[in-house]
Structures are given as C-alpha cells and as structure tokens.
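Student: The chain contents come next:
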Amino acid sequence: MSDNLNWLTIHAAHELLARKKISSVELTQACLDNIEKVEPKVKALVTETADFALAQAKKADATIAQGKATPLTGIPALMKDVLCTQGIRTTASSKMLEKFVPPYNAAVIEKLIAAGMVLVGKTNLDEFAMGSSTENSAFFTTHNPYAFERVPGGSSGGSAAGVAAGEAIFSLGSDTGGSIRQPAGFCNVVGLKPTYGRVSRYGLIAFASSLDQIGPFTRDALDCALVMNVISGQDKRDATSAPEPVPDYTKNLNGNIKGMKIGIPKEYFVAGMQPEVDTAVKTAIKKLEELGAIVDWNVSLPSTRLALAVYYIIAPSEASANLARYDGSKYGAAFLNTDSMWEGMEKTKQFGFGPEVKRRIMLGTYALSSGYYDAYYLKAQKVRTLIRREFDAAFTKYDALVTPTSPTVPFKIGEKANDPLSMYLSDVCTLPINIAGVPGISIPAGFAKGLPIGLQIIGKPFAEETLFRISHAYQQVTDWHTRRPMI
Amino acid sequence: MTTTTIAYETVIGLEVHAQLSTRSKMFCGCSADYASTAPNTHVCPVCLGMPGVLPVINNRAVELVMMTSLALNCAVSSYSKFDRKNYCYPDLMKGYQISQFDAPIGLKGWLDIEADGEKKRAGITRVHLEEDVAKLIHRVGFDGKAYSLMDVNRSGVPLMEIVGEPDLRSPEEARQYLMKLHTILQYIGVSTANMEEGSFRCDANISIRPVGTTQLLAKVEVKNMNSFRAVFRALEYEAKRQGDALANGERLAQETRGWVEAEGKTVSQRSKEFAHDYRYFPEPDLPPLNISREWVEKVRAELAELPDARRDRFMNEYSLPLYDANLLTATKTMAEYFEACVKTGQPANLSLTVRAKQISNWLLGEFSRLTNANLIEVNQAKITPVMLCELIDLTQKGTITGAAAKQVFETMFSTGKPAGSIVAEAGLSQISSASELENMAAKIIAENPQAVADYRAGKETAAKFLVGQMMRLSKGRANPQIATELIKKKLEEK
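Chains as they are written, first to last, in the working numbering: chain A, 74 to 560; chain B, 7 to 500.
To be clear, the hints were calculated from the coordinates, so they are not data collected in a lab. You may find that some hints are simply not true.
[Unchecked claim] Heads up, incomplete: computed chain B residues facing chain A, CB under 10 Å, no partners named:
| hint | residue |
| --- | --- |
| 1 | Y14 |
| 2 | V52 |
| 3 | S154 |
| 4 | L223 |
| 5 | E289 |
| 6 | L292 |
[Unchecked claim] Per the computed footprint, the stretches of chain B lying under chain A, defined by three or more beta-carbons under 8 Å from a beta-carbon of chain A, are:
| hint | region |
| --- | --- |
| 7 | 58-64 |
| 8 | 100-107 |
| 9 | 393-405 |
[Said to hold, decoys possible] Computed list of lysine-lysine pairs in DSSO-like fashion (alpha-carbon distance at most 30 Å, straight line):
| hint | chain 1 | residue 1 | chain 2 | residue 2 |
| --- | --- | --- | --- | --- |
| 10 | B | K141 | A | K172 |
| 11 | A | K455 | B | K246 |
| 12 | B | K229 | B | K246 |
| 13 | B | K246 | A | K420 |
| 14 | A | K455 | B | K114 |
| 15 | A | K324 | A | K132 |
| 16 | A | K360 | A | K172 |
| 17 | B | K141 | A | K309 |
Note that the Cβ used here is the ideal one computed from N, Cα and C, for glycine as well.
Let's have the full structure, built from the sequences with the hints guiding it.
Tutor: Dropping the structure here:
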C-alpha cells in the first residue's frame, strides 16, 4: 500500500493518519520516493525540500500522537516558487532571484505550517508568473504528466503537474489571468482562483497586484475546501484582503444542487475552440442538468471579448512597477563589476530578466507613459468596470456560470513559444474572471485522446462554497478526477 | 542711445516637505525614529522593498495630514487615494514611491502672512501624504575611489508635501510664508519641522515677468536650501539672475537649479526638457481612503489653537500689547509656558492683566535673554512657571528689590532652586529698617564730599549718584524709595 500513499486525497490521508494507520513520515517518504521516480520526466520542482519535509513530518506525527491532528496535519504539499518561504530560496523561476532566500514566510505559508502542512518542494513556473506553459521559466520547462511532450499549462505549471504526478497531495499556485485554472485543466486536477481579497497576498511575489490571487491545486473538491478553510481570511498585512467571515467550506458538500441556477455564457465558446473540448464541456453541463441544476444555455456577456485587451494593459502596467525593485542593489542578482552604479543597475535587469518579462515591462511602461495613460490604462480601467458590472448583473440571475477552462487541450512544448499572441489567447476563458475579481474553479471534465479537459465554474464574490458544492456534486457522479497519468 | 528699463515682478511658489511625527513608518510597523539610531536597524522586509511584501496605511499619518489641512484652511477630501510614482534611484527601495497624485487629502487652503508691513493671503494648492526614501551617504575610500553607503532607516518615514500657489511676490514674502508654515506645523505638533535635520525641506519655483502681464516666463525650480535665510538669499539671487539675463537679451531656460550656500549662488542641475515621466497610476495594493465627516471632526477637535488665534486671545483675555502677544505666541512652548504662569494665580490686590504683563515682561526679558544665551528651549529651562511666579510675588510684596530679583532669577536659572531659598541663603531680602538705612546714608554722605558739594552747588544729578552708591553698598537690598528719601534729607540738612 505504501507505494500508493502519495496518490491519496487530503481527506483520505487524514483519515488514515488520524486512525494511525499510516504516519506522516511514511506519507512524506512516499511522495519523496515518487519525486525521485517521476521528477526527471516531469520537472515540476525548482527546489526539493526533503530534509525540511521529513522534519516537519516528524513534528506532525507527534501532533497526531497527541490526538491533535487537524485536516492538513502531516499532509505533504508543494508551493509555487513565488510564495516566500523563510530560509528556503524563492526564485520566481527567474535568474534575478535564483539565490534569493526570503527572511519571512508568506501569510499562506505561515498558516499552512501552523496547520501542520509538510513542505516537500517549491514548484516551477513561468518567470514571475508571466506565461501559460512554464516555457518562460528561466530554468527549465515542466512537462505534462499526461503527455511529456506537452506543456502542463502555466504559469503555475509545476504546482499542477506536481499534484497530477503524485509528487505531493496538494499544492498552492497563484492566478493572475488563469495561472491556476488553466494548468489545473491541462493536468486533470482541481484548481481554484478565489475571490480577490479572499486569501492574503502577503509574501506572494507580485506580478499584477490588482489581479493576483493565491489558490489550491487538489485532487477533488472536498480537498480544495479543506485547504481554503486554512488559507482564507483577512490579514492585516494585506490591505486588499477582505473582512468577510470564512465559512466552513466543507459544510454543504452534500451532492445536492437541485434548483441551482447555472448560466452558460456563449462568448466563452470561442472560434478556434477544439471540438473535443466543446463536446466534453457540454456533456459535463448536461450532467449538472441531470443532477437537477437549472441550466440557461443562452447567456451573453458581451464585454468578455474586451477582457484580453484590458488584461494586457492592466497586468503589464502593474508589473512594470512591481518589478522595478529588482535592480541588484539590495538582494537577488547583481552585476557589480561595472564602471558606474547606473550601468550596474541596467546590466542587472538586462541579464536578470527573461524576454517575456522584459516584453511585459515594456508594454506596461508604454501604457502608463504620459500621453498614453488616458488612452490605455484609464480606458482599460473603465472597461474593467463594465466587465465587473456584467458579471454582477449575471449573478442576479444565476448562482454560477459554467465555461470551458481553456479552448484547447494541452499544446505541445514549443508550439506557441514564439507566438506570444497565440499564447495569450490560451487564457481567453480565464482572464475575465480575474478582471471581475470573482472566484473560478477548474475541475476535471474528460479527456481527448488521453489529454485532460477542464470545466470552469464561476461564482459570485465570496461564494467559493457554491463552486465547491457544484464541483463536489459533479465528482460524486463522475470519475475523471480519480484518473491518474501513466507514469 | 536710449534704453528702456522693463520692470519685472517675481513670482514664487513654495513646495514644502515635512516629516510627520508618527511613532511608526508610513506603511510598516518599524519605528519612524531614523536619526537617533544606528544605520539599517529600523528596517523590515516592507520598508526594504523585498519581494512579496505589501504596504499598510498608517492611519495616524493620515490624521496628521488632515490636521495640517485644517490648520491651513484646506478642504479635507472625503475621497482620497494613493498612487505609485515610478522612478529609478537606489534610495528608492521599491522602484516607485507611494505618493498621492490626483486625489490628495487636503485641497485649496490659504496662509495669512505679513511681509514688509503688508498683510497678504497666500494660497495653498494641496497637502498630500507620501513616504520618504532611504539615505545615501557618499564617501571616498582609501584608494581615492568614490563609493556610497545606504541607510534604509529613513525609507518609509511618513512625509507630507504642502504645495503653495505661486502667490508670493518677493523673497521676503517667501521667507515669511515659510516661517509661518513652520510655526504652524510645530504648533499643531504634526512635525518637529527641523530644517537642519531635514524634517522640514523647501523647494521653490521662481520666475519673473514684466509687471502687468500674466504670462509666466521660464519657471526655475530651486533646491538645496537648508535654512530660512538660505531660502531668502537663494530667491533674491535667482530673481536678480533672471532679471539680468533678460536685460542682457538672454533666453531663460526651464530648469532645476541648486543653491550653493558657500558661494552664494544657484547652479543649473538639470534641464526640465528631459523631465521625468513618473507614470503615476493608482496604488493597487491600497484601497482608497474614505474620510468621513466624523473622522474630520474628531481630528478637528484634536487640533491645537493656532498661533494667530492664540495671539488674538492673549490680547483680548490678558490685555497684552500686540508686540508682547506676537512674541509670546511665536512658539507653542513659550505660549504654553506663559499660560501656565498665568494659571498659578495672583494676589488679591492685583488684576489679571497687571499680573499677565508682569509675567510677559519676565518671559520676554530675562527669561528669553538667558534661554537664547544658553541655546536652550523654553521647556528645557530649570525654572518652572510656579517658581517664576514666586519670584514675581517676592518682588511684588517688597521682600526683594527689582535689582535683587534679577540676581535671584539668574541663580534660579542656573541652579533650579526656588526663589525663597536663594533669597534666604544670599541674604538678599530688602532692607527697609530706618536705623540701618540712616547709618548707611550717613556713611555715603561722609565718604563722598565731592558729590555732596556738587549737589549743593545746584547739580541735581549728584543725588542720583549718591543713591546709586547706597544701592551698591547694600548689594541692591536697600529699599530704593527710602534710600532716595534719606539721601535727600541728609543733603538738605546742612
């Protein structure tokens, strides 16, 4: 049995731990063994923290022995390498931070460690979370566990692939325009982008501050609810975190979605969408209908088509400021052997940042420049308000909206690497959700020739509970989420 | 050849930066006391601008800017927000400064000043809140190469910017404006406003134009002025330089110039044609500030009485002359010291106004002389208001003479002992005993035959000399009235 422990869900593992059928050290060792086996093929990890993990696992076993286990006690997990971990290097998959060791923990890391989580490793991503495939990592590309020649999605590709490949029981990622949901869809796992403000961003290396949210990758909806129970809530260190109370997200997972109103916005079934994806998503929606949900197939959110443009003005603008601090004078990469300070700062940026990061800094700098601000940034903010209002209006009629997570199955490594625009389009279904600030979840909904397909469910602000309820109900009558890659 | 002289007028607007007197920094919990500690000790990931950290607004700093806005007759905005000001410099930890661009906390106020005998109302454009930057210390190493050190203690200290309208028409008006503003900030306790330490800094925009026109010529920004006098001198220099340049047919450049104190001139620092594009945009890490009327009223209730109001009250309540009231209210500490003295009360036979004037005389006289000479602040003096009033009472009751009181005061000032014990120890109480004074007068008459002869020859002033001798003999303790009577009586006797 022990060689299969790493494939458990959180709730199943907790069950076994609490009943002392297994120990956290055993569970952790199973993950570490599997990492050794699959990691050469998957390459999900930037840093493996085996020693730290085993030490934490021992502590967790002591807690369990005292009968004080909570759902995450002793559960091995992976953290996207933009979440600062005290004493453990945090690179953002950038040369700029290749050797950066934060002196503090991100708020979510603090909470998870306090809850007994066992940190197994830090996962690969597109540099500074800018990308949809992990091909923009300054170190290496992560491979999709279902097809190694294909991408795992991005930017949180390492976190998605790691859970899909059984390297840990769950992981955290960050989502600015789809960076959790798209890789979750590509890797056949559950991925949630919570409502903006639901989870503290303190200690998350910023890409676009008004869009970034941290969220979990798990093997089912119940696990996702369990992780959200721990990481949600207001944090006085993040002024944008919301005071809304945190419910017990597992409470209403009863399989009953009868009478729930679900809208299907037609704009998300875009031209160029793969027919297999279209079929799988529609089949999943029919399943929800069978479960008693009232589905409106004819919803329209016309501003959706503008979301991509809005996103590629706002996100790079904020990024251009957020990344200005990396100048070599304080931490991270530094080119010191130059004739002048200014040359040193320039060279640091020139060699420290990769091409996609530079492209976005340039885009953002341009959009904010005097004379262009009104036409780009200000206009984008106005359209953002329109998009939000459209979602608000839709949610007066529907409890949730359902769409594909991505118009395609995972694409081949290298297929879009030299075509930024087509890469940007792979996030067309997920971007509007960040623009609106509402929560969205991607759950496994089928396969096309062995490649995973994700279903996106979008909810009202702070209604993560609804997303879990629908996902859970769907997972009671389907088994896509239990499938494993052949590795 | 004829020349026509064009008369120019000077147009000046001042931008003042003042550090706020908060305990912690603007966006983190670090102590804002950056000066009195070792470099890089009051720092944390937030003010170091490390990856992943977020700012949290210091509400007290917001209140101090609200308070300043109220003191400067500004409207306090119900909606305000923070913006990122993007520029690259090693003293700026995040690569952007969190500041306020188009929605400052305070808007459209004014400051009443008096310069060259004329009253004037100068407009205040805005008051906004931002964060200070780290400090760079430039050094030269043993190898002769220049290097720089960075002290991050100052990074994130709350900084308030007060932008004035270009309403000032002379360097003297600018100096008066600045001094008035300085007094107000200290008065309401929002800033230590210490110019030497850099907690109160001033930049000036100055241009000239032919009298009667409204079009401004090239605007020059003058920086690096570290005292009121430097501001006055730099602006005087700059107005003349601009006038001379135009008279010589030169074209004035829009630029930033630095004041070089040692050489008494301004030098060009950078041309505005390459002006920064700060790419301001709303700070996404901070929600907007919603300032309720209740909050404004709470801050208003906390606002101390302003210097002008206090001056007027002193004149009404204590019937003090304008001169006294002005000086007593010039600093908050002096005004408070004065009122503490008044509050100790006065003998029944004395009116409040007489006592107030007595206190004022002491404070503006001996007290100010000694505090100035010893370079100490009013509130650092060893003499408490109660002690000063005891001294005044001793004089009033005739226990000591006015001359002796000055001696007692000096001793009190240096030792902090109460007047009563100084008088007792030094035997300074006034001599009013007739027999003692008779003997003294007889001795003086006997020892000064020349003066006695002069008096008798009709030289009235000789009597004053003799009284003076008697005061000297008694070490100032002789009752001056009785002494004068006795001397006159003796002189008339023969």
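Student: State for each hint whether it applies.
Tutor: Checked hints:
A distance limit of 10 Å between C-beta atoms decides the matter here; for Y14/B the minimum to chain A is near 32 Å, and the interface restraint is violated. Here the hint on V52/B is kept, as its CB sits about 8 Å from the closest CB of chain A, short of 10 Å. Checking S154/B against chain A by beta carbon gives a least distance of about 7 Å; that is within 10 Å, so the hint holds. With a least beta-carbon distance of about 24 Å to chain A, the hint placing L223/B at the interface is violated under the 10 Å criterion.
Hint status for E289/B relative to chain A: holds, with the closest Cβ pair at about 8 Å, below 10 Å. Annotation: L292/B was flagged as interfacial toward chain A, and the flag holds, the nearest CB pair being 5 Å apart, inside 10 Å. Given a C-beta distance limit of less than 8 Å, the hint that chain A covers the region 58-64 of chain B holds, as 6 residues qualify and 3 suffice. Residue count for the region 100-107 of chain B with a Cβ under 8 Å from a Cβ of chain A: 3. That meets the three needed, and the coverage hint holds.
A count of 0 residues in the region 393-405 of chain B with a Cβ less than 8 Å from any Cβ of chain A is obtained; the coverage claim is therefore unmet, three being the minimum. Simply put, K141/B and K172/A have alpha-carbon atoms about 26 Å apart, close enough for the 30 Å limit, and the pair holds. For the hint pairing K455/A with K246/B, the CA-to-CA distance comes to about 49 Å; that exceeds 30 Å, so the pair is violated. Between K229/B and K246/B, the direct Cα distance comes to roughly 17 Å. Compliance with the 30 Å bound is thereby established for this hinted pair.
The straight-line distance between the Cα atoms of K246/B and K420/A is roughly 45 Å, outside the 30 Å bound, and the hint therefore fails. In summary, the hint linking K455/A to K114/B is supported, as the alpha carbons are separated by about 28 Å, within the 30 Å threshold. About 29 Å separates the Cα atoms of K324/A and K132/A, which keeps this hinted pair within 30 Å; it holds. Annotation: proposed proximity of K360/A to K172/A is violated, straight-line Cα distance about 49 Å (limit 30 Å).
Distance check on the hinted pair: K141/B and K309/A sit about 28 Å apart at the alpha-carbon level, within 30 Å; holds.
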